[in-house]
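S.K.: Residue strings, one per chain:
There are 2 protein chains.
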Amino acid sequence: MSEYPPGSEFELIRRHFAPLSVSEEGAYQLDDDAASLSISADKELIVTKDLMIAGVHFISDDSGRTIAQKLLRTNLSDLAAMGAAPRAYALGVALTSNLRTNWLSEFADGLANDQSEYGITLIGGDTIFSSGPLFLSLTAFGEVPKGCAIRRSGAQIGDLVYVTGTVGDSAIGLMAAMGELTKLPDWAKKYLIGRYQIPEPRVKLGKLLVGLASATTDVSDGLIADLGHICSSSNVGAHIDLKDIPLSSAARNACALDSKLIAKVLTGGDDYELLICVPPSVSTKLLNKAESVDVKLSKIGKIVDGSDVSVFSEDKTQLKFEQQGYQHF
Amino acid sequence: MSEYPPGSEFELIRRHFAPLSVSEEGAYQLDDDAASLSISADKELIVTKDLMIAGVHFISDDSGRTIAQKLLRTNLSDLAAMGAAPRAYALGVALTSNLRTNWLSEFADGLANDQSEYGITLIGGDTIFSSGPLFLSLTAFGEVPKGCAIRRSGAQIGDLVYVTGTVGDSAIGLMAAMGELTKLPDWAKKYLIGRYQIPEPRVKLGKLLVGLASATTDVSDGLIADLGHICSSSNVGAHIDLKDIPLSSAARNACALDSKLIAKVLTGGDDYELLICVPPSVSTKLLNKAESVDVKLSKIGKIVDGSDVSVFSEDKTQLKFEQQGYQHF
Numbered sequence: 002m003s004e005y006p007p008g009s010e011f012e013l014i015r016r017h018f019a020p021l022s023v024s025e026e027g028a029y030q031l032d033d034d035a036a037s038l039s040i041s042a043d044k045e046l047i048v049t050k051d052l053m054i055a056g057v058h059f060i061s062d063d064s065g066r067t068i069a070q071k072l073l074r075t076n077l078s079d080l081a082a083m084g085a086a087p088r089a090y091a092l093g094v095a096l097t098s099n100l101r102t103n104w105l106s107e108f109a110d111g112l113a114n115d116q117s118e119y120g121i122t123l124i125g126g127d128t129i130f131s132s133g134p135l136f137l138s139l140t141a142f143g144e145v146p147k148g149c150a151i152r153r154s155g156a157q158i159g160d161l162v163y164v165t166g167t168v169g170d171s172a173i174g175l176m177a178a179m180g181e182l183t184k185l186p187d188w189a190k191k192y193l194i195g196r197y198q199i200p201e202p203r204v205k206l207g208k209l210l211v212g213l214a215s216a217t218t219d220v221s222d223g224l225i226a227d228l229g230h231i232c233s234s235s236n237v238g239a240h241i242d243l244k245d246i247p248l249s250s251a252a253r254n255a256c257a258l259d260s261k262l263i264a265k266v267l268t269g270g271d272d273y274e275l276l277i278c279v280p281p282s283v284s285t286k287l288l289n290k291a292e293s294v295d296v297k298l299s300k301i302g303k304i305v306d307g308s309d310v311s312v313f314s315e316d317k318t319q320l321k322f323e324q325q326g327y328q329h330f
Numbered sequence: 002m003s004e005y006p007p008g009s010e011f012e013l014i015r016r017h018f019a020p021l022s023v024s025e026e027g028a029y030q031l032d033d034d035a036a037s038l039s040i041s042a043d044k045e046l047i048v049t050k051d052l053m054i055a056g057v058h059f060i061s062d063d064s065g066r067t068i069a070q071k072l073l074r075t076n077l078s079d080l081a082a083m084g085a086a087p088r089a090y091a092l093g094v095a096l097t098s099n100l101r102t103n104w105l106s107e108f109a110d111g112l113a114n115d116q117s118e119y120g121i122t123l124i125g126g127d128t129i130f131s132s133g134p135l136f137l138s139l140t141a142f143g144e145v146p147k148g149c150a151i152r153r154s155g156a157q158i159g160d161l162v163y164v165t166g167t168v169g170d171s172a173i174g175l176m177a178a179m180g181e182l183t184k185l186p187d188w189a190k191k192y193l194i195g196r197y198q199i200p201e202p203r204v205k206l207g208k209l210l211v212g213l214a215s216a217t218t219d220v221s222d223g224l225i226a227d228l229g230h231i232c233s234s235s236n237v238g239a240h241i242d243l244k245d246i247p248l249s250s251a252a253r254n255a256c257a258l259d260s261k262l263i264a265k266v267l268t269g270g271d272d273y274e275l276l277i278c279v280p281p282s283v284s285t286k287l288l289n290k291a292e293s294v295d296v297k298l299s300k301i302g303k304i305v306d307g308s309d310v311s312v313f314s315e316d317k318t319q320l321k322f323e324q325q326g327y328q329h330f
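Just so you know, the sequences run in chain order G and H.
Going by my numbering, the first sequence opens with residue 2, and the numbers climb by one from there.
Going by my numbering, the second sequence opens with residue 2, and the numbers climb by one from there.
Honestly, the hints are just simulated from the structure, not real lab data.
Among the clues, some could well be false.
[What the hints assert, rightly or not] Which chain H residues stay away from chain G? Per the calculated CB distances, all over 12 Å, these:
(1) K50
(2) S64
(3) T67
(4) L80
(5) N103
(6) E107
(7) S117
(8) Y119
(9) P186
(10) K205
(11) P247
(12) D259
(13) K290
(14) D295
(15) F313
[Unchecked claim] Taking beta-carbon pairs under 8 Å as the criterion, some of the chain G residues facing chain H (in silico):
(16) A42
(17) D79
(18) R152
(19) G155
[Unchecked claim] Subject to a maximum C-alpha distance of 27 Å in a straight line, what follows is the list of computed BS3-like cross-link-like pairs (lysine-lysine):
(20) K44(H) x K147(G)
(21) K297(H) x K205(H)
(22) K44(H) x K208(G)
(23) K300(H) x K208(H)
(24) K44(G) x K208(H)
By construction, the Cβ of each residue, glycine as well, lies at the ideal position given by its N, Cα and C atoms.
Just chain G, same shape as in the assembly (with noise of 0.2 Å):
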């Protein structure tokens, strides 16, 4: 159907894939109808399927490589929100003619780099093509001891609110990518465009949260929705203090020259941190942990009796935004 890429479904996997999935005997080197995967019995699997599609998750003219790390990387977050150490994934993707002619390589390329860096294999998927756009779907599977995966719903009153790294950069660097923010200096919207190009996933410290954290979820739709999410599943309310959101020094620069850019902060996504509440009794462990693995880690705020997320300002005023998270449709 098209000149691009060249060569069968069949020789593309074993030239770009294959070598991908040595190192799990169960990917049968993507030569069978199906993979195979052994799980010991002290385990469970955690399986977690995120989507991408070209102008809605990334740029079209991102490279290969970006994509593909951006693709395992969404996914390896949502692991790391339940507890899981990353084992395997299966890859599906709907090429386009239009891809530039070493696009697959460069894909490959990026997904050869975060397997290495954290520890996950390709075990099978599907290859086709289409007249659409480009199109992706990652399947990941991750491994946590038998009942101890992390849910939303363990969120008890009293609880400490955590969030790792930085949160805002993606939402942010997304408008800088487009073109917006023209007087943000060149370093900061190269930092932020690289937040939004390639997320950093917690799985180091995801995996030390097992029997830590009562519940977890990872900054996708935004920081309100996200914990929101924690809250309806666990029937509580959540108070935020607006001073403790951790910035980085791009977005304080960019919110510095627009303070409408702190909506985007609380509510744009595509962040990839963790939201980690847990008893104020085990916040010094947790904190100990993080430092283990050189994670940064603020306080933001605490769980309360309630349904919903407040905001508070310095000043003790709430805040109201009018979105409150990235909405799908």
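Use these hints to put chain H onto chain G, whose structure you have.
M.R.: The following block gives chain H in isolation, referenced to the frame of chain G:
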């Protein structure tokens, strides 16, 4: 971004998809970052993933119900080919604005029907919105006794080659659906189009092949191409007798009107029947197993020394086909 479907992603999941997840506790009613699957110590998990896109894998005006069934069944067929019993699946849907109002209800209804028919449960996934064609992704999980997954690579010289059901219906059915084959009687068109829209994965038989079949695959790319995959994985060749290829009455009718259609039968694909290789010593046992689950089985050839699939007519002439199977690109 669009009026359809109404409500947020979360409402849509709660309404249409969460009810499909109730029988797997680890699906968490689709209310968490990921799902959890416990696998008993004597089993291994089989993982397969298929993508489907409007205009390539189904006709855009097919009902949501039949599209859902085809999506699930093509994956179930891969599980059957490995000897696996269905367990669970994760679903990715990129919806478009031009879908009928009740499309998603029909789609969920098709999934519900096949979940109960084949014993499989939704455990998670992702729903997004796209301006491109309707795009679907499904990752299916099955279980097989540990170490017993049936591979493509186990065929031995001297094995007999069997195929379930009838082949060619789907490829000829697609031609009928596209308005070709005008001379074909309506009953035959209807039957063949139905076979294209809703394949019948050999799930019951697949499970019974464990410990019996030396190699299995499903006919998705085309009989010759898929048997070719067994041959290349097993380093063997195969001889097929054209007269033994099982045809439905409708396909026989179509081939009588146009003798060139026999090439479609052998190379057309999308049949989702099983190709099964067994040593002659267990062929009776295989036939008994197939009868026990009411599946028709036809011996179509044998595994030989060599590397290719050769097809012979009744007078022992070797036949040549231009296209060995469905080319994905």
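S.K.: Could you run down the list of hints and mark each one as holding or not?
M.R.: Hint check results:
The non-interface label for K50(H) is inconsistent with chain G: the shortest C-beta to C-beta separation is roughly 4 Å, within 12 Å. With a least beta-carbon separation of about 21 Å from chain G, S64(H) lies farther than 12 Å from that chain, consistent with its non-interface assignment. Look at T67(H): its CB is around 19 Å from the nearest CB on chain G, clear of 12 Å, so calling it non-interface holds up. Separation of L80(H) from chain G is inadequate, the least Cβ-Cβ distance of about 6 Å not exceeding the 12 Å criterion.
At the 12 Å boundary, the C-beta of N103(H) stays outside the reach of chain G, the nearest C-beta of that chain being 17 Å off. Separation of E107(H) from chain G is adequate, the least Cβ-Cβ distance of about 19 Å exceeding the 12 Å criterion. With a cut of 12 Å on Cβ distances, S117(H) stays outside the contact zone with chain G, its closest approach being about 22 Å. The claim that Y119(H) lies off the interface holds: its Cβ sits roughly 15 Å from the closest Cβ of chain G, which is beyond the 12 Å cut-off.
At roughly 32 Å from the closest C-beta of chain G, the C-beta of P186(H) stays outside 12 Å, upholding its exclusion from the interface. Distance check on K205(H): its Cβ is at least 17 Å (rounded) from any Cβ of chain G, clearing the 12 Å threshold; non-interface status holds. Under the 12 Å C-beta cut-off, the non-interface status given to P247(H) relative to chain G holds; the minimum distance is some 21 Å. For D259(H), the non-interface assignment is confirmed: its Cβ lies about 24 Å from the closest Cβ of chain G, beyond the 12 Å cut-off.
The claim that K290(H) is not at the interface with chain G holds, since no C-beta of that chain comes within 12 Å of its own (minimum 19 Å). Look at D295(H): its CB is around 23 Å from the nearest CB on chain G, clear of 12 Å, so calling it non-interface holds up. Consistency note on F313(H): stated as away from chain G, and its beta-carbon is indeed over 12 Å from all of that chain's, at 25 Å minimum. Annotation: interface hint on A42(G) holds; nearest CB of chain H at approximately 4 Å, less than 8 Å.
With a least beta-carbon distance of about 4 Å to chain H, the hint placing D79(G) at the interface is held under the 8 Å criterion. Because the closest C-beta pair between R152(G) and chain H is about 6 Å apart, less than 8 Å, the hint holds. Interface restraint check for G155(G): the shortest CB-CB distance to chain H comes to about 11 Å, outside 8 Å, so the restraint is violated. Distance restraint check for K44(H) and K147(G): the Cα-Cα separation of roughly 16 Å lies within the 27 Å cut-off, and the hinted pair is therefore satisfied.
The hinted pair formed by K297(H) and K205(H) meets the criterion: a straight-line CA distance of about 12 Å does not exceed 27 Å. Distance hint between K44(H) and K208(G) is fulfilled; the C-alpha atoms sit about 25 Å from each other, no more than 27 Å. Of the supplied pair hints, the one linking K300(H) and K208(H) holds, its CA atoms being roughly 20 Å apart against a limit of 27 Å. This hinted pair checks out: K44(G) and K208(H) have alpha carbons roughly 25 Å apart, not beyond 27 Å.
In the structure shown, a violation is registered for the earlier hints numbered 1, 4 and 19, in ascending order.
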